[in-house]
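Participant: Below, each chain spelled out in residue letters.
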Amino acid sequence: MNRHFRFRKFVEWANWVGMLCCMSVSVFFLVAILGYVLVHGASYIDWEFLTAMPVPAGETGGGIANALVGSFLVVMVASLMALPIGIGAAIFINEFPSHGFGRTVRFLAEVLTGVPSIVVGLFAYALVVVPSGGFSAFSGSVAYAFIMVPIILITAQEALRLVPDSLREASLALGIPKWRTIMGVVLPVSSRALITGAVLAISRALGEAAPMLFTAFGNSFWNVNLTKPIATVPLLIYTYATGPYDDWHQKAWAASFVLLVVVLLTSVLTRAFLRGNSNE
Amino acid sequence: MSSETYAMNDLKTRELEAPVATAIEALGSDNGVRMRVDELSVYYGKVQAVKQVSMAIRTHKVTALIGPSGCGKSTFIRCLNRMHELTPGARVEGKVLLDEQDLYGTGVDPVDVRRRVGMVFQKPNPFPNMSVRDNVIAGFRLNGVRDRKTLDEVVEKSLRGAALWDEVKDNLQKSGASLSGGQQQRLCIARALAVNPEVLLMDEPCSALDPIATAKIEELIHELKEQVTIVIVTHNMQQAARVSDFTAFFYLGELVEFGETGKLFTAPEKRQTEDYITGRFG
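Protein chains in written order, with our numbering: chain E, 7 to 286; chain U, 69 to 350.
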């Protein structure tokens, strides 16, 4: 074995070690975040924390029930707006490509995913809060919908693009009109990828605090009225984490843990559901 | 056969004499003509893929389209039910008459055309989201028919028609994608038959199948022509000779020769036809 060859072996090895280090660092931070939240948050979680209302500052005990319900409500209303719009737009640009501006729309959607969420919040503030005269759960949903639409649009278009043209042709050749071909063949065939994209968008929205600051605004009391300010979990975390009380910091960790678990559960359950569906 | 040989380039530039009009007239005088194609030209952008083709397709006969790759036969068959319209930039000139009605006339809905002129594709393409049963009645169901009894009858009749009933009757709820390739293709034929088309177009229906599955489909074609007029594109000349009553030879977008299969294969009139069927090119 000559020296040159040994040197090349060494370079090969050094590269491998370098990449291993990079991988370890990224995994380390992921595990660290999960572990830190777990250690600080999990101990505080009990049934009361999940089901009780918040108590006034300084008192111990109490929970985040209103924020959990608020998050659920705001995200649900946002999904009701974002899913039809995002999927509808994806259908339009993918199934009717002759209109040409599909690529432009797609590009805009990609840009939109990069817009800071605080800017999205400001926009929703100008669009809904100012004209309607006050903060509201609905304005929060609008802000979330702005975040969700481009994600849904991009994932849905990818999903539709993967449906083979031969299936569209098979359907059209049976004398099935185009819209029924889309509803009866294209969407069902791509449904898994569509659902995955929707869940991705929902998970993303669930964790966003910034767009809620001047829209949903937060609320220490119980509220399910869409026209009134509402508490959401990320907003509550923000408030508690920046507050002066140790007990609040504890609660912020616990709420973070709850949020992580909810997001994780959503993805895991979706995956399980999709896998179950494939075993026909 | 002449001993002289010539290159492909000569073929391209050679004048194609005597349009096939005479052959068509001979056929056209018979009133058993289901479809009549009149001076059909197809363009993809500026490229002309089919050049002024005229042809008559006879009722309850099998018409085979043969020719080398890229000769326009697939493009041509896709014009017979307006499927080529799905290709961006495709444009058609000329007429395609089905029972004397111009399929390209104003106010004719391509959806209606495709209901009357069914199609089976190169690769079996059952709907993967549907069971065998749902695949067969897809044309019905997606068109809004819901009556269970009617649908059950259609399922059995179509699957029997496609010679698939005995193989799948106990498993109608199985996914269509779980069948073998040959079964899938027969399922696609059943699906096309279910909507009762007048004409069935088959675009190289056996090219993705093994010889046994191919033999089954060929046998099926023989039976099917009792109830439906068939046009089949094939790369396989033996197949054309076996299954068809009439054969059309396409070359470079033109219809070189068209006539009864027996005659075209034993005594072709044109040099190009002879060279192709004897395997000199293509």
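There could be a bad hint or two in this list.
[Unchecked claim] Dumping the calculated BS3-like pairs for lysine-lysine here, alpha-carbon to alpha-carbon at most 30 Å:
no., chain 1, residue 1, chain 2, residue 2
1, U, LYS331, E, LYS184
2, U, LYS217, E, LYS184
3, U, LYS191, U, LYS129
4, U, LYS217, U, LYS163
5, U, LYS114, U, LYS338
6, U, LYS331, E, LYS234
7, U, LYS237, U, LYS163
8, E, LYS234, U, LYS114
9, U, LYS237, U, LYS225
10, U, LYS119, U, LYS284
11, U, LYS217, U, LYS293
12, U, LYS237, U, LYS114
13, U, LYS225, U, LYS163
14, U, LYS293, U, LYS191
15, U, LYS191, U, LYS242
16, U, LYS191, E, LYS184
17, U, LYS163, U, LYS338
18, E, LYS184, U, LYS338
[Said to hold, decoys possible] Residues of chain E placed beyond 10 Å of chain U at every Cβ, according to the derived structure:
no., residue
19, PHE11
20, MET59
21, ALA115
22, PRO170
23, LEU173
24, GLU175
25, VAL195
26, TRP228
27, HIS255
Rather than coming from a laboratory, the hints here were simulated on the basis of the structure. Source: prediction; values computed, not measured. From the three backbone atoms N, C-alpha and C, an ideal C-beta is built for every residue, glycine too.
Participant: Take the hints in turn and mark each one as holding or not.
Facilitator: Against the structure, the hints:
| no. | hint | in the structure |
| --- | --- | --- |
| 1 | LYS331/U - LYS184/E | 43 Å, violated |
| 2 | LYS217/U - LYS184/E | 27 Å, holds |
| 3 | LYS191/U - LYS129/U | 24 Å, holds |
| 4 | LYS217/U - LYS163/U | 40 Å, violated |
| 5 | LYS114/U - LYS338/U | 29 Å, holds |
| 6 | LYS331/U - LYS234/E | 85 Å, violated |
| 7 | LYS237/U - LYS163/U | 42 Å, violated |
| 8 | LYS234/E - LYS114/U | 62 Å, violated |
| 9 | LYS237/U - LYS225/U | 11 Å, holds |
| 10 | LYS119/U - LYS284/U | 34 Å, violated |
| 11 | LYS217/U - LYS293/U | 27 Å, holds |
| 12 | LYS237/U - LYS114/U | 50 Å, violated |
| 13 | LYS225/U - LYS163/U | 34 Å, violated |
| 14 | LYS293/U - LYS191/U | 22 Å, holds |
| 15 | LYS191/U - LYS242/U | 20 Å, holds |
| 16 | LYS191/U - LYS184/E | 21 Å, holds |
| 17 | LYS163/U - LYS338/U | 26 Å, holds |
| 18 | LYS184/E - LYS338/U | 43 Å, violated |
| 19 | PHE11 | 49 Å, holds |
| 20 | MET59 | 46 Å, holds |
| 21 | ALA115 | 22 Å, holds |
| 22 | PRO170 | 7 Å, violated |
| 23 | LEU173 | 6 Å, violated |
| 24 | GLU175 | 7 Å, violated |
| 25 | VAL195 | 5 Å, violated |
| 26 | TRP228 | 43 Å, holds |
| 27 | HIS255 | 50 Å, holds |
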